[in-house]
Amino acid sequence: MISIRNLKKTYPNGFTVMENFNLEIEPGSFTVLVGPSGCGKTTLIRLISGLERVTEGSIWIAGKDVTRHEPGDRGVAVVFQNYALYPHMTVEKNISFGLRNFGRGKDEIKKILAEVLEMVGLTEHAGKKPSALSGGQRQRVALARAISKSPDVFLMDEPLSNLDAPLRAQMRGELARLRQKLGATFVYITHDQAEAMSLGDHIAVMDGGRIMQYGTPEDIYDLPANIFTARFIGDPGMNILPLKDGRYIGFRGQKVGIGRPAGLDGIFIEGAVSSRENLGDAYRYRITAQDGTQFEMRHSERVEVGRHLDMFVKRNDLHAFDERGIRAEVRTPGGAAP
Amino acid sequence: MKPGASARSPYILILPAIALCLIFSIGPTVMSVRDSFRSVDYVAGTDKFVGLANYRSIFTDGVFLKVFGNSVVFMFCSVALSVPLGVAAALFLNRNRFIHNLTQSVIFTPHIVSFIAVATLWMFMMDPGYGILNYALGLFGLPPLRWLLDPGTSLLSLVIVAVWKTTGFNTLIVIAALQKIPAELYESARLDRATRAGMFFHITLPTISPVLVFLVTTSAISAFGTFDIVKFMTEGGPRNSSNLMVYWIYRTGFLHFQIGRAMAGAVVLILFLSVVSAVNFALMDRRAHYQ
Amino acid sequence: MRAAARAAGFTALILIFVFPMFFMVSASFMSRYEVNMTPPALLPSEFHPENYATAWSRMNFVHYLRNSLLSTFITIAGQLVVCVPCAYAFAKKQFRFKKTLYCLVLFDLIVPAQTIFLQIYILESRIGWINTMRGLTAPFFYSAFTIFSLVQYFRTIPDEILDAARLDGCSEIRVITHIMAPMARPIIITAMIFTFVYKWNDYFWTSILTTDEAVRTLPMAVQNLMPVGHSAREWHIIMAGNVMALVPMLAVYVLANRAIKSGLIFSGRKDLEAPRS
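Chains as they are written, first to last, in the working numbering: chain A, 61 to 398; chain B, 20 to 310; chain C, 41 to 317.
Just so you know, the hints here were simulated from the structure itself, not pulled from any lab data.
Please read these numbers as outputs of a predicted model, since none were measured by experiment.
Each residue gets a CB set at the ideal place from its N, CA and C atoms; glycine is no exception.
Keep in mind that a hint or two might mislead.
[As the list claims (entries may be wrong)] Under 7 angstroms between C-beta atoms, here's a sample of chain A residues computed to sit facing chain C:
| id | residue |
| --- | --- |
| 1 | G132 |
| 2 | V138 |
| 3 | F140 |
| 4 | A144 |
| 5 | F157 |
| 6 | N161 |
[Unchecked claim] Chain B regions said to be covered by chain C (calculated; three or more residues, Cβ under 8 angstroms):
| id | stretch |
| --- | --- |
| 7 | 31 to 37 |
| 8 | 44 to 50 |
| 9 | 148 to 154 |
| 10 | 179 to 187 |
| 11 | 240 to 254 |
| 12 | 265 to 273 |
| 13 | 283 to 296 |
Bound-form chain A, shown alone (with noise of 0.2 angstroms):
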């Protein structure tokens, strides 16, 4: 559905966010790209939208070369995270406006008025403006606005990071059902990852312009392909341990036993409880190893601060990386903390 190739954006002021930058976004997925802020995701969406001249390469939209296209002739449609709507203007005329603008006859509009508002449950705050709206009520009037001109392309950027956790949590369930109801494309910005894990079925792990993997979310979560998306991804990020040998071990809070068991295939650490969050369903500890090196363990099991334990991490729950941080083959049980 997108095709994005060999792209390369420069900043008047001579800063390249982005160079030999490809993606390929199937039609009808739900696509999240996810990083840190400044990797490069708003722009590569502001980019798709037309909203910025790309610098070098193509986009690819349905088929078409868009490159040179203007932002309203791409078949896309933007939410913004602050919703961008026209304060000036009613729900009703919010929607109609760009309706209008691209010559959609007036019964046509009506139609379409009456539908999306329907949809998104609005119908019967069209003639309010949106200081009038709750914040909730605003996200969906934006995404009211976007789904009038059925566009092939939903570009989202970061649209609940504005709502309270409750409700950010109810329209993410609205989204999915959108989605099933819509048939679009959808590309979806976060830096929340959980966020991005509940909501694509595809994930674009994104930093410094670059892709650092792209894979569907058990792909990502599972089998990072380097240290930046293990770390990444997952609550808390995977511990990344430095071995001996200029390469990297890695695994996950959660997967941190405590004892000594017999026959243990996997590595054994020792090490000091540095401290303790209650999380309600487990415990959240800080443990400095015996090297000094520290690491986040996730246990249900209660320990004092102060403590020192025998863990363990089996062979199957550990991630090996070697000196580029790229994914390896994990070959030393029990060689890695000394």
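With chain A's structure known, arrange chains B and C on it following the hints.
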């Protein structure tokens, strides 16, 4: 829209303004500088380079220096009166009751009255014979003044008129700034047991200081642009005691056709204003963190 | 004690700022004898509304009113066309030499046009613009003060709203006319009121750039009521002229008073903030 059009469009959007600015502002300024080094006579059609002769001429002729001095005094007095008065009135009127709102609107009215109306009105009130101001002085047992007709008071009289006309504007701007100060600032200061004076000096003044710098800068610059009241009320007299720069340029260049000398005076004024603005904008930058 | 101080403050403010205005109106109804009386009369002993009729015909009021309205509205229209797009570009667009060009445009804030009027006069006489309506208005289509105030406000409008408009298929011009201008209404009105005040009351430029009564404006008409030299001045007629020239201005001010105040208090736009709810 055609491809590439939006890359050019910022320039298209600013083109009319830039063009007008070049034609009616930058161009004339450059020409002023040029003509200040020349002797131009449009009647005879002569135009020749004379170096610094015009500057030498105006600086040795006592009138220009006196007028320049008058302008500096006029600027200092009018700014030193109209800005603090504006702040005082703003503090006083910064309440949302009907009477305050009404007074706010009323003291702004001199700003919308033309300088000609202001000038005629004050000439009427400052008349040495039957003027109401002298009558008011008499009520307090003070001797009458000759106001505009006395070299000792003519400049002061113009200052009074200018301050009367501009204070209301300053008040409105300061009130706007005051209303932007979050109430939490005062509440937390009250919890810290700040006095009224303490609150003014530690919260109000620092918060509105960028606006004050802006007001001082613009009032100073417009004080130097004063023309109407001079021409109308005193014609610079008596004996140049109330003559100000723009009127001097007008007389020299427009009435006496000494273009070169008028332009030399204008260049001195432009340089002086640039320095005033530079100092103020530097101050404004230093104060910018308050906003 | 505080109440007394407050009352004294009010009295002082009103005396200083209101009394002269009141006196102008009062004197405009006095007789020729009364305005020159010692001690001066505060109120007319009998009303002389015929002063207005006298001023009206002596000033040729309708003629100058027409010129004032014409020059003021042409200037406002010109500023809307020239300054609004320019301010939009400087506030919201990225382009090369932006900073330099912005400094250039703001040059007038530092050097007021009065200092270079002689060159403007010379320029206009060369191109034959003296005594024309275009000569009296075109130089003021560009105003550094207007552009500066608009840029300050435009900057507070979130970029995403403009992006949304572009995605909605707006051209730059349509973004300005349908999004930017309506959102910035208070500040545009305020800036145009200031332009109105400036142009309506302008005496300086009218006296420099025109010699022909055919294009001159109201302040010149008031001036024409003043006899040359120090012969007896008919203050009652002059004050009536002043009041008449002020009335249209006052009407605009009263109508726009609210807009001016909200335009000056930039932060008054609650609808631009996204609530976290």
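Verification of the supplied hints:
no.	hint	in the structure
1	G132	holds (3 angstroms)
2	V138	holds (6 angstroms)
3	F140	holds (4 angstroms)
4	A144	holds (4 angstroms)
5	F157	holds (6 angstroms)
6	N161	holds (4 angstroms)
7	31 to 37	holds (count 5)
8	44 to 50	holds (count 6)
9	148 to 154	holds (count 5)
10	179 to 187	holds (count 3)
11	240 to 254	holds (count 8)
12	265 to 273	holds (count 5)
13	283 to 296	holds (count 6)
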